[in-house]
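Peer 1: Below, each chain spelled out in residue letters.
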Amino acid sequence: MRYAMAMDTKKCVGCGDCVVACQTENNVPLGYARDWIVEKVEGTYPSLNLELRSERCNHCENTPCVRTCPTGASHVIEGGIVKVTHDECIGCGACIQACPYEARYFHPDGYVDKCTFCDHRTSKGQDTACVAVCPTHSLTFGDLDDENSPISKLLRNRKWKTLAPEAGTKPNVYFLI
Amino acid sequence: MKTRRDFIKISALAAGGLAVLKPALSFSSGFFPDEEVPLDESEAQRTPTICEVCFWNCAAFAYKDRKGKVQKIIGNDIDLHSKGRLCPRGTGGPGMLYDKDRLKKPLLRVGKPGNQKFKEVSWEEALDFVAKKTREVGEKYGYESIALLDHGTTAHHFEHLFKSFGSDNTAEPAIAQCLGAREAGFINTYGAGIGSPEPTDLRNAKCLVLIGSHIGENMHNGIVQDMSTGLDRGMTVITVDPRFSTAASKSKFWLPIKPSTDIALLLAWMHVLIYEDLYDKDYIEQYAYGFDELKAHVRPFTPEWAYTKTDIPPQDIRKTAYEMAKAAPSVVIHPGRHTAWYGDDTQRTRAIAILNALLGAWGKKGGYYFPEKIRIPRFPHPKYPEPEWTWKDITKDKYKGAFTGVTNILIDASLPDTKLKHKIKAWYVVATNLIQSIPDQEKTKKALQNMEFVVVVDTMPTEITGYADVVLPECTYLERYDYLRTTRHKIPQVALRMPAVEPMYDTKPGWWISREIGLRLGLDKYFPWKDIEEVLDWQLKQVGSSLEEMKKVGVKSFEREEPLYLEDGEDYFFNTNTGKIELYSTDLDAMGYDPMPVYREHPQPEDGFYRLIYGRVPMHTFGRTINNPLLNELRDENHLWVNPKIAKLLDLKTGQEVWLRNQDGVVSTFPVKVRITERIRFDSVYLPHGFGQKNKKMGRAYGRGAADSEMITRVEIDDVTGGTGMRGNFVEILVEKPQKEEAES
Amino acid sequence: MKEELIISGRNIPNIDPVLHIWHWQIPLYLFLGGLAAGLLFFASYFYIRGRGNELKTSVQIAPAFAPFFIIIGLLALLLDLKHQLYFWRLYTTFRIESPMSWGAWTLGVVLPLSFIWPLTYLKEMKKYFSKNFTFMYPIVSWVDTFIKSIKPLEKLIKWFTKHRYGLAWVVIVISVILGVYTGILLSAFNARPLWNTSILGPLFLTSGLSTGAALIMWSSKSVKERIIFSRIDILLVAVELFFIVHLFMGFLASGAVQIESAQLFLGGEFTAIFWIGVVGIGLVLPLILETMELFGFHVPISIPALLILIGGLIFRFVMVDAGQVTRYLY
Ligand SMILES: Nc1nc2c(c(=O)[nH]1)N[C@H]1C(S)=C(S)[C@@H](COP(=O)(O)OP(=O)(O)OC[C@H]3O[C@@H](n4cnc5c(=O)[nH]c(N)nc54)[C@H](O)[C@@H]3O)O[C@H]1N2
Ligand SMILES: Nc1nc2c(c(=O)[nH]1)N[C@H]1C(S)=C(S)[C@@H](COP(=O)(O)OP(=O)(O)OC[C@H]3O[C@@H](n4cnc5c(=O)[nH]c(N)nc54)[C@H](O)[C@@H]3O)O[C@H]1N2
Ligand code: SF4
Ligand code: SF4
Ligand code: SF4
Ligand code: SF4
Ligand code: SF4
Ligand SMILES: [Mo]
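Sequence lines, in order, name chains A, B and C. Quick note on the working numbering: the first sequence kicks off at 22 and runs consecutively. Quick note on the working numbering: the second sequence kicks off at 10 and runs consecutively. Quick note on the working numbering: the third sequence kicks off at 1188 and runs consecutively.
Because the hints were derived from the structure by calculation, they are not lab data. Take these hints with a grain of salt, some might be off.
[Claimed, not checked] Listed below are several chain B residues computed to face chain C (Cβ distance under 10 Å; list not exhaustive):
hint: 1; residue: Leu643
hint: 2; residue: Asp645
hint: 3; residue: Glu646
hint: 4; residue: Ile685
hint: 5; residue: Arg688
hint: 6; residue: Ile726
[What the hints assert, rightly or not] Calculated lysine to aspartate or glutamate pairs in the DMTMM-like style (CA-CA distance at most 25 Å, straight line):
hint: 7; chain 1: A; residue 1: Lys191; chain 2: C; residue 2: Asp1203
hint: 8; chain 1: B; residue 1: Lys657; chain 2: A; residue 2: Glu60
hint: 9; chain 1: B; residue 1: Lys654; chain 2: A; residue 2: Glu72
hint: 10; chain 1: A; residue 1: Lys61; chain 2: B; residue 2: Asp692
hint: 11; chain 1: C; residue 1: Lys1189; chain 2: A; residue 2: Glu72
hint: 12; chain 1: A; residue 1: Lys31; chain 2: B; residue 2: Glu226
hint: 13; chain 1: B; residue 1: Lys682; chain 2: A; residue 2: Glu60
hint: 14; chain 1: A; residue 1: Lys145; chain 2: B; residue 2: Glu52
hint: 15; chain 1: A; residue 1: Lys180; chain 2: B; residue 2: Asp241
hint: 16; chain 1: A; residue 1: Lys180; chain 2: C; residue 2: Glu1191
hint: 17; chain 1: A; residue 1: Lys104; chain 2: B; residue 2: Asp74
hint: 18; chain 1: C; residue 1: Lys1189; chain 2: B; residue 2: Asp645
hint: 19; chain 1: A; residue 1: Lys180; chain 2: C; residue 2: Glu1190
hint: 20; chain 1: A; residue 1: Lys31; chain 2: B; residue 2: Asp325
hint: 21; chain 1: C; residue 1: Lys1269; chain 2: A; residue 2: Asp130
hint: 22; chain 1: A; residue 1: Lys191; chain 2: C; residue 2: Glu1284
hint: 23; chain 1: A; residue 1: Lys61; chain 2: B; residue 2: Asp241
hint: 24; chain 1: A; residue 1: Lys145; chain 2: B; residue 2: Asp74
Remember, it's a predicted structure, so these values are computed and weren't measured experimentally. Just so it is clear, CB atoms sit at the ideal spot from N, CA and C, and this is done for glycine as well.
Next comes chain A alone, as it looks inside the complex:
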């Protein structure tokens, strides 16, 4: 099993629904966010290109955040999901420094928190909260090891990119372009 997410920058409208859904699903405290929206504009009026991305932890294959963690609080579970065990985390911030995507933050209670790929849902075969809410169906969650999964098909049929591949983390959130 290799969980991944595809994010269609061509359909996303940058509404932030995925952000709010994550907030209410996972009790993300106000002022913090496990996912967020980036808007990129290129070109000169009137020939412009707009890219909208919903970003979150990339659940990298090569996980600097897990490697730098001194306690093992950051770890990888089934399907390659990167998680943090709250009461093993000492709040040293090493993993935050280690993540090139600024996907982690200190929860006000002290431990480090981040996107979990909603493993409490996905382990039951449900979509993640952000995927399930997206009104434009821009988000697809699934198993890359399954050739017939919608996400595998999408990645076969569409052009995609990952963020900052030069950071060497082998991200598993794919941006369809």
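Given the structure of chain A, go ahead and fit chains B and C with the ligands onto it with the hints provided.
Peer 2: This is chains B and C with the ligands only, laid out in the frame that chain A set:
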């Protein structure tokens, strides 16, 4: 000088109020601090609701955590409005429920006139007061002189109350400031309005044309979803917008039109379709009236001509016309929704309606389908009294195409020096923030000063509440029942809103408030029921369901009675004078208006001024959600979009704070940050609507960004419906905080 | 024009708009760690070289500061933790890939050693402090009495005193690890282009040694010892300058993000503090002063020493701060 009804900032009120109304800006670590682990949906208690964060009214389920708090709201899968997915505002609904800045207790303006204070009172006292004042004004000037300005679901309860005491002076900003012109444009073409949700068949369309309609920022759930599926299917999108909207970025063609010139483009498109023989001849022959007149009318309006008006190159006009013709009849020239733009709005939407007809899209798969709704009988009550005069008597002589009350005309009738033949003496303001939503704020305030009595029913201390004599705090949609939603859609549906939680604080549902006032006015016979559950259950039983069933399913679908589309060649009677689609409108002609759309020049900004255009941000509904903690997170202020060329000229930096001054010298109260972006033309600036709120009690929203509403003082009235065109305002950008004197000029 | 912005209003404390997870605690911790490593290194090194009686300050006296620096450093680290009650989790596992874990364990080993080494020199210290820094005397003699009152402890110290040579080897190895670790802690972060260079380890080690040498030089009363450490300092500072030049050459020859990070110091917001504070005050000026001293111009020894210490401290602050500004995205 203190006037009788100065704006009161509720935060600085009578001592009693302070404790409860303390700003809730304080940082809370968790929005739901009690719950650490995500909810287990299969075990959580859920109740059906209908979202009221905007008027799309998506059906959903509210899920509660173990402590009984609403944790999240998820769309109802079978609901056609939401298709199981709410928009960000709907998902953020719990933020409205748990916003600590909510109105919490009835408030009464106290002391002598000029005494600017509210005190908290009991519902008894507040309702007695409202009833007393209503009776006083009613007996002195006639109940007709009481106006209801309203919006949203709660409006129905008060409309019933008003009809019961004999006033039909009801109006919504959601018509005159919104879709009034569009409805008139389509009624005068097809004999039928568009209605809501718009019956555009985007799921099957091959081409979608958006004229200013900024779907994606305009987050009306159903259309956003439909447009996205369309994109998946390879639907061509053509967007006409002076701004590179989100929709424009998804479009094959973006036509960055010079604002206010849309009719020229629409006429040129008609010209191409007709003179290049691209229109649907059979359809026009069978269903349309006035084709020859139209043909003659659009003869001069070549793409070359339109180029000089719109800045859109002729070849682009042609190419896009071909694109539409290729897709016809599976093409939607979207009617738009907020169409109160330049004063010739009915004519512009009529041009859109005509274009759809030329393409044969009305009644066709991939074009416009015929929506159907389920008719549910009203709970029986005696006939309403006949008012002596209604909104029509002060409107229809001038704006003959108006089909409902017009807010701004009721406001005119409320002014001390009104020339209208009937006068308004008191207002009920229900779920509408007139200060932000009606242009020319000074006029609205003047009218407010002149009222014998103003009651505001709202959930939040928005600006309008500061002008009330009584503020009645309604509970939010998550805490109440309302009338059933009977959807007009592809399939008729009925949907239920029931309380997910008991009302918090001392708030009450709208149905209860209106009934209590009714009873106090002796209108018992119009409220022959104990509570709304009795009404709902009775109504549901008339259509073979019950309250009990609906509490479980939330939404129930019914069979259609008529086909969804026109058969090829099928006989069809349109509800117009000619029984046909009127390319040439006999009604408009009879009323003395242009029977076919005419292009008129609109004023353009002078040197140093830029046209102020406005629109939506996807995560907010006007100003009503800016204070919602969950949504405020996403966007807590607006930005002024400025083209880099202008920025260079004025030496502006992104993030810099500026003030705006409009053509009439009105200066924005608050500064707004500049966003330098290529996404806008250089003759306009863009300011998302709803920000720059002035009530300090809205802790998160107060003073964040600038209000477009404040800058809109020049109003171009739509000559057909009386609606207020709001895009004819020009602003200069001030880099230094203007002097106070100026600000008040 | 290119525009890229976060539109969901994400504004997480200490992360947006720029990362600022590590404040004063970590640079202070790195500085003190480096300083302690320097002190312990020179003590054990010269002991092994058999010069323990000749270079008294460095071998016998100065290492007494090390445990205090380490404790203060550890306290700083603890203060930096956001989930402090769980800090013991550091010692329930050893993560071979985590520099933080290495650091925790290294410090765990260094701390007792840093106590033991000076304790084997209590007698010498008492003598020394009876003449210099006399305010220390009561403390040292209290410790002496204390140890004598606990027999097993006294025995243990005696044992170590006897096996000082072996102890010295352990200390020298561990002090090098500590010194390198202070640099590796940063350079292990791939995500922060400024830190992600292999020169950082040796650079921090050298800097740590030079601050250690400066402190020894400062507290030594022996002219000969001062001259030796002054020369050592000159050498170390020269090596540091060499590393710094290499650091920048490395960055400028790399990818865009690395060039961008180097630019923080080449015209960017850290230019003044780095070139004036770290290079000017912390390296070049002491280098000049000490060279002058060698040629016979008299400069009070405390001045270059202090400058080196200040420079070293600023260096850590600058590196930690600037590193957090550098990133791959946006
Ligand atoms: N300048 C400018 N003016 C505009 C527009 C614009 O874009 N720019 N847009 C126009 C358009 S399209 C429209 S439709 C109108 C809309 O204008 P309004 O009808 O004024 O709509 P809202 O701004 O949503 O105001 C709704 C009010 O209802 C309150 N409210 C929310 N939920 C409830 C509830 O459940 N019960 C009660 N009692 N109150 C509730 C809110 O707190 C708020 O005060 O504005 C128009 N005016
Ligand atoms: N998120 C969110 N969604 C909403 C609402 C909300 O408050 N928030 N409100 C809902 C309501 S009530 C309504 S009525 C709709 C309104 O939604 P729409 O009907 O889509 O709104 P408009 O105000 O007509 O369109 C705004 C767009 O018109 C462009 N524009 C400005 N001037 C011109 C012009 O002269 N010509 C052309 N062609 N374009 C121009 C602007 O750049 C902007 O992109 O949105 C609905 N959806
Ligand atoms: S919910 Fe979907 S459309 Fe909205 S911002 Fe997220 S990914 Fe984009
Ligand atoms: S995105 Fe960051 S936090 Fe997530 S796995 Fe990759 S490095 Fe770790
Ligand atoms: S902050 Fe917590 S999760 Fe991150 S590295 Fe430190 S201990 Fe591990
Ligand atoms: S997968 Fe779950 S945790 Fe991650 S961003 Fe989406 S909703 Fe949040
Ligand atoms: S469109 Fe959004 S805000 Fe409007 S009713 Fe639906 S979910 Fe609620
Ligand atoms: Mo509207």
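Peer 1: Does each hint fit the structure? Answer for all of them.
Peer 2: Structure-based check of all given hints:
| no. | hint | result |
| --- | --- | --- |
| 1 | Leu643 | 5 Å, holds |
| 2 | Asp645 | 6 Å, holds |
| 3 | Glu646 | 9 Å, holds |
| 4 | Ile685 | 8 Å, holds |
| 5 | Arg688 | 8 Å, holds |
| 6 | Ile726 | 36 Å, violated |
| 7 | A:Lys191 / C:Asp1203 | 24 Å, holds |
| 8 | B:Lys657 / A:Glu60 | 23 Å, holds |
| 9 | B:Lys654 / A:Glu72 | 22 Å, holds |
| 10 | A:Lys61 / B:Asp692 | 23 Å, holds |
| 11 | C:Lys1189 / A:Glu72 | 11 Å, holds |
| 12 | A:Lys31 / B:Glu226 | 15 Å, holds |
| 13 | B:Lys682 / A:Glu60 | 18 Å, holds |
| 14 | A:Lys145 / B:Glu52 | 14 Å, holds |
| 15 | A:Lys180 / B:Asp241 | 15 Å, holds |
| 16 | A:Lys180 / C:Glu1191 | 21 Å, holds |
| 17 | A:Lys104 / B:Asp74 | 24 Å, holds |
| 18 | C:Lys1189 / B:Asp645 | 24 Å, holds |
| 19 | A:Lys180 / C:Glu1190 | 23 Å, holds |
| 20 | A:Lys31 / B:Asp325 | 23 Å, holds |
| 21 | C:Lys1269 / A:Asp130 | 8 Å, holds |
| 22 | A:Lys191 / C:Glu1284 | 18 Å, holds |
| 23 | A:Lys61 / B:Asp241 | 22 Å, holds |
| 24 | A:Lys145 / B:Asp74 | 19 Å, holds |
When the structure is compared with the earlier hints, a violation turns up for hint 6 alone.
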